[in-house]
Each structure stands twice: as C-alpha cells, then as structure tokens.
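Undergrad: Sequence:
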Amino acid sequence: MKIEETFIKDLVVVEPTVFGDERGYFFESYSKTKFEDLGINIEFVQDNQSFSKKGTLRGLHYQNPPFAQTKLVRVLEGEIIDVAVDLRKDSPTYGKAFSVLLSAENKKQLLVPQGFAHGFSVISETASVMYKCDQFYNKASEGGIKFDDPSLNIDWGMDLEEAIVSEKDQILPFIDNCNSLF
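Under this note's numbering, read the sequence shown as residues 379 to 560, first letter to last.
Since the hints were made in silico from the structure, they are not lab data.
Note that the Cβ used here is the ideal one computed from N, Cα and C, for glycine as well.
A hint or two may mislead.
What the hints assert, rightly or not - Calculated lysine-lysine pairs in the DSS-like style (CA-CA distance at most 27 Å, straight line):
#1 Lys486 - Lys387
#2 Lys431 - Lys380
#3 Lys485 - Lys474
#4 Lys485 - Lys410
#5 Lys524 - Lys412
#6 Lys510 - Lys431
#7 Lys467 - Lys431
#8 Lys474 - Lys486
#9 Lys380 - Lys546
#10 Lys546 - Lys467
#11 Lys431 - Lys412
#12 Lys412 - Lys467
#13 Lys546 - Lys474
#14 Lys474 - Lys387
#15 Lys517 - Lys485
#16 Lys410 - Lys432
#17 Lys432 - Lys467
#18 Lys387 - Lys485
#19 Lys387 - Lys412
#20 Lys517 - Lys467
#21 Lys432 - Lys387
#22 Lys524 - Lys467
#23 Lys485 - Lys380
#24 Lys410 - Lys524
#25 Lys485 - Lys510
Stated by the list, open to error - Taking CB as the label site, the calculated pair distances span:
#26 Tyr403 - Thr504: 16 to 22 Å
#27 Asn557 - Tyr408: 40 to 46 Å
#28 Tyr403 - Asn516: 34 to 40 Å
#29 Gly417 - Asn557: 30 to 36 Å
#30 Gln548 - Tyr403: 36 to 42 Å
#31 Phe404 - Asn555: 45 to 51 Å
#32 Phe552 - Ser409: 35 to 41 Å
#33 Ser469 - Glu414: 20 to 26 Å
#34 Gly417 - Met508: 38 to 44 Å
#35 Phe429 - Pro470: 35 to 41 Å
#36 Asn516 - Gln427: 34 to 40 Å
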C-alpha cells in the first residue's frame, strides 16, 4: 500500500497493492497496521455505501466539530470524479478543491480529513461508492457548499445543466456563506 500526497496538506490518495492472477484479484482496502505504518492513525467507526446512476452529483458535504468526519472513499463499481475542498480557515489552501478519478478498475481511494467538504459525480453508467468514517453521522452538525460555486472552479466531468442533484444540494450556499466551523 502506498500514499500519494496532493497539493493540499493531509489530503492523500491511497493506492493498495493488488495481487492478481487468472482467478481475479485480491487487495486489502484497509489495514489499520498498514495505515499506521504510513503515518495515518485513524479509528474508523462507520461504513457508508451509495449507489448512483450516471450524471448524479452528490455534495459538497461536511460535518462541523465535534462531529467532523474523516472519510476514506473508494469505488466498488463504476467511476466517479471525487472532490474535496479545504475548509480549514488557517490553511494556505483554504477554498482550494482537489479532484481525482476513483474507479473499481484503478482501486484508488481518497482519504478526506476532517476540515474538508466532500462530493462526487458519477461518470460511468452506475457507481457504487463506499466510505469509512471516523465519526458517526450527526444531522445537526451537517453543512455543505454548492457544487457549482464559481470560486471553486470544479471540473465535475459532466455538463452541470444535466446533472442529477438533490433538492438539498441545489440550495447549499457558496463557500463564502457556508457555516463551516473549521
């Protein structure tokens, strides 16, 4: 297992070691010991899974402290553009977005630390996404940023006029007006 640092401190792409043969493949998507060896000391407490069709855009979501969540995101089936936005006001990359292609084929994962908003768009016919969290969901602490905030300039890999977006996500504020406590 190896990690690829991004231009945003603490936001990393995790690439597992895949063992393949004529039967298929095997890999460890998470190993507490291997993550600790890489300097990642996180106690995950909840797994979430979603299924979405092509054109779906989910996000950008976060939970405020003390219920802020670190997420380890991976794709079980299909392809997504996974996006994280730095909301840490004291960070030199505050308000910067990072995106990466996550797919069942490349098996990469994105480790999204507390202090980030997260979302994804589905660019394959369907996608199953799973993510581990280090805090339980708490509705009262949830917040979000509108996916098409012009200051973020996110390339979601799709025509946003045709995106399938929940009513809740359509009315989220831009980053300048969000209720982030980071």
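Undergrad: Which earlier hints turn out false for this structure, listed by number in ascending order?
TA: Those not satisfied are hints 2, 5, 7, 9, 11, 12, 15, 16, 17, 21, 24, 27, 34, 36.
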